[in-house]
Amino acid sequence: MPSLRGQACIVGIGHTEYRRAKAPEGTNLTLELRAAEAAIEDAGLRPHEIDGILPFFGLDNAEEFAVHFGIADLRFQMTSHLGGAAPGASIATAAMAVTNELASHVLIPGGWWGYAGRRVREVVVQDVSAMSGGANARDYYFPYGLTAPVQWFSMLARLHMNVFGTKPEQLGAVAVACRAHAQKNSNALMRGKPISLDDYLASPMISDPYRLLDCSLEADGAAAFVVTTTERARDLRGKAVPIVGFGQGQPFPADDIVTRADPFELGVTHATSRAFEMAGITHADVDFAEIYDPFTFQVIQQLEEMGFCKRGEGGPFVEGGRIEMGGELPVNTHGGLLSEAHVLGMNHFVEAVQQLRGEAGERQVPDAKIGIVTGFGDFGDGSVVVLGRAS
Amino acid sequence: MSLTSRPVPVLRHLAAEFYAHCRSGELRFQRCTKCGAWRHVPRQTCAKCGSWDWEWTRSSGRGRVFTWTVVRRPMHPAFANDAPYAPVVIEMEEGVRIVSQVVDCPPDELRKGMSVEVTFDAVMPEVTLPKFRRASGEGRSA
Numbered sequence: 001m002p003s004l005r006g007q008a009c010i011v012g013i014g015h016t017e018y019r020r021a022k023a024p025e026g027t028n029l030t031l032e033l034r035a036a037e038a039a040i041e042d043a044g045l046r047p048h049e050i051d052g053i054l055p056f057f058g059l060d061n062a063e064e065f066a067v068h069f070g071i072a073d074l075r076f077q078m079t080s081h082l083g084g085a086a087p088g089a090s091i092a093t094a095a096m097a098v099t100n101e102l103a104s105h106v107l108i109p110g111g112w113w114g115y116a117g118r119r120v121r122e123v124v125v126q127d128v129s130a131m132s133g134g135a136n137a138r139d140y141y142f143p144y145g146l147t148a149p150v151q152w153f154s155m156l157a158r159l160h161m162n163v164f165g166t167k168p169e170q171l172g173a174v175a176v177a178c179r180a181h182a183q184k185n186s187n188a189l190m191r192g193k194p195i196s197l198d199d200y201l202a203s204p205m206i207s208d209p210y211r212l213l214d215c216s217l218e219a220d221g222a223a224a225f226v227v228t229t230t231e232r233a234r235d236l237r238g239k240a241v242p243i244v245g246f247g248q249g250q251p252f253p254a255d256d257i258v259t260r261a262d263p264f265e266l267g268v269t270h271a272t273s274r275a276f277e278m279a280g281i282t283h284a285d286v287d288f289a290e291i292y293d294p295f296t297f298q299v300i301q302q303l304e305e306m307g308f309c310k311r312g313e314g315g316p317f318v319e320g321g322r323i324e325m326g327g328e329l330p331v332n333t334h335g336g337l338l339s340e341a342h343v344l345g346m347n348h349f350v351e352a353v354q355q356l357r358g359e360a361g362e363r364q365v366p367d368a369k370i371g372i373v374t375g376f377g378d379f380g381d382g383s384v385v386v387l388g389r390a391s
Numbered sequence: 392m393s394l395t396s397r398p399v400p401v402l403r404h405l406a407a408e409f410y411a412h413c414r415s416g417e418l419r420f421q422r423c424t425k426c427g428a429w430r431h432v433p434r435q436t437c438a439k440c441g442s443w444d445w446e447w448t449r450s451s452g453r454g455r456v457f458t459w460t461v462v463r464r465p466m467h468p469a470f471a472n473d474a475p476y477a478p479v480v481i482e483m484e485e486g487v488r489i490v491s492q493v494v495d496c497p498p499d500e501l502r503k504g505m506s507v508e509v510t511f512d513a514v515m516p517e518v519t520l521p522k523f524r525r526a527s528g529e530g531r532s533a
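In order, the protein sequences belong to chains R and F. First residue of the first sequence: 1, per the working numbering; consecutive thereafter. First residue of the second sequence: 392, per the working numbering; consecutive thereafter.
Hint data in this document are derived by calculation from the structure and do not stem from the laboratory. Treat the hints loosely; a few may be bogus.
DSS-like, lysine-lysine: derived pairs with alpha carbons at most 27 Å apart [as the list claims (entries may be wrong)]:
id, chain 1, residue 1, chain 2, residue 2
1, R, K167, F, K503
2, R, K310, F, K503
3, R, K167, R, K22
4, F, K425, F, K439
Turn these sequences into a full structure, and let the hints steer you where they fit.
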């Protein structure tokens with residue numbers, strides 16, 4: 001079986017403005033079509049040339065995109081059920097599809113009125129049984145008031161604090177780094193609103209140990225990308241960023257966060273070596289990391305589980321500017337879900353592509369050759385994608 | 392599910408059986424009759440050995456606080472007046488973990504490893520939830 005390393009590329013990216021609107025202006029599909037249009041245009045394609053669509057679970061289906069873009073012969077569609085790890089999983093699916101000639105140009109869209117529309121806390125309560133593991137939450141967590149991601153993931157942060165001595169200031173270092181990066185990003189919701197560690201510590205407690213500034217930003221927006229083969233990409237206008245490795249994984253059991261033999265196990269615990277082996281890289285080769293950041297501790301946890309530091313050392317690892325621009329491993333160079341916007345992790349791919357095209361402007365990581373993007377979904381599903389420099 | 396009513400389990404299949412035992416005042420977990428492994432949340436087969444054979448086996452009811460969160464800002468309207476409250480993960484003597492609450496312990500007195508024992512809370516005529524209280528000998532503030 002030949003390796004998929006470098007066989008496919010992201011050849012187009014697009015996104016809407018990220019914002020917090022007073023009321024939804026259209027549907028989720030409105031936002032997703034706008035982002036998709038931009039991605040297709042960026043690739044140098046026409047909408048009807050898309051013949052594969054990987055829509056986001058729970059949002060819009062492939063038929064709706066096909067009908068709006070006049071795609072009369074959609075050859076391939078598939079949806080990943082890995083929640084926030086789905087964009088990375090879909091990149092892998094797209095790479096496999098185009099490499100095996102199941103489709104030529106695959107569109108991956110995702111976006112929502114995540115602020116002006118239904119908020120996550122409402123979606124989780126109303127639709128929890130649609131989520132992987134949701135029935136367990138409904139029957140065994142919700143009756144005790146454990147009803148929202150901020151609550152269940154804060155329990156892991158507390159456990160880490162109790163076992164390893166991780167400090168609130170270390171969670172704060174993640175929030176401060178992401179906010180600093182957002183100051184150089186015109187699409188970041190928190191541009192113009194820098195924070196200090198003192199601001200972090202003074203922010204109101206939501207679900208102790210998580211404060212307001214540990215939480216990502218519910219937002220309105222969408223992003224999309226187009227994947228094709230490296231061979232086809234040579235004839236297209238879009239600057240192609242090669243997909244050099246990918247992996248996905250799940251903790252065990254994936255559908256219940258409290259009963260894992262190893263409570264800190266995540267999908268990326270398994271996905272990272274798969275992705276790095278395919279890419280033929282080691283941790284030292286990674287120039288920047290866009291890490292799915294629903295909450296601050298989940299960045300620390302993923303850094304540990306990916307092997308950038310040892311289990312228990314993630315707190316000290318994120319201190320001292322190591323994950324800031326100019327540090328050893330810049331993390332979330334756009335501000336992340338914490339300070340750019342929560343656009344389902346789709347925005348992490350947009351940023352990685354801009355970095356590897358050398359088009360990130362004043363937040364460009366100098367001479368970036370290898371970037372990684374993680375996904376984190378549901379109760380810890382994971383994906384890791386390794387991207388290379390645009391040719 | 393309504394946004395305002397207090398969430399309760401859907402009493403179907405294995406969840407119905409688990410909560411029926413609670414209603415009788417017994418905390419029982421599934422135990423594989425082939426390999427002896429305990430499990431929770433309820434499952435149809437044993438992840439250790441693949442067997443479909445199991446029994447609802449009575450738990451000692453004793454466990455220790457594993458981790459918790461203190462909800463200051465409830466995300467569900469039904470809990471709006473409960474804050475601060477603490478959903479807690481208990482590790483039972485049998486090895487399984489369960490989400491619950493420690494009813495006689497203010498959130499700021501929770502400690503990892505604190506010994507607790509089961510008690511039952513009939514939240515509705517048809518639903519009794521297993522909850523926990525401090526085991527005798529666990530310190531209590533004056």
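Open item on the list: Check the structure against each numbered hint from earlier and tell me which ones fail, lowest number first.
Closed with: 3
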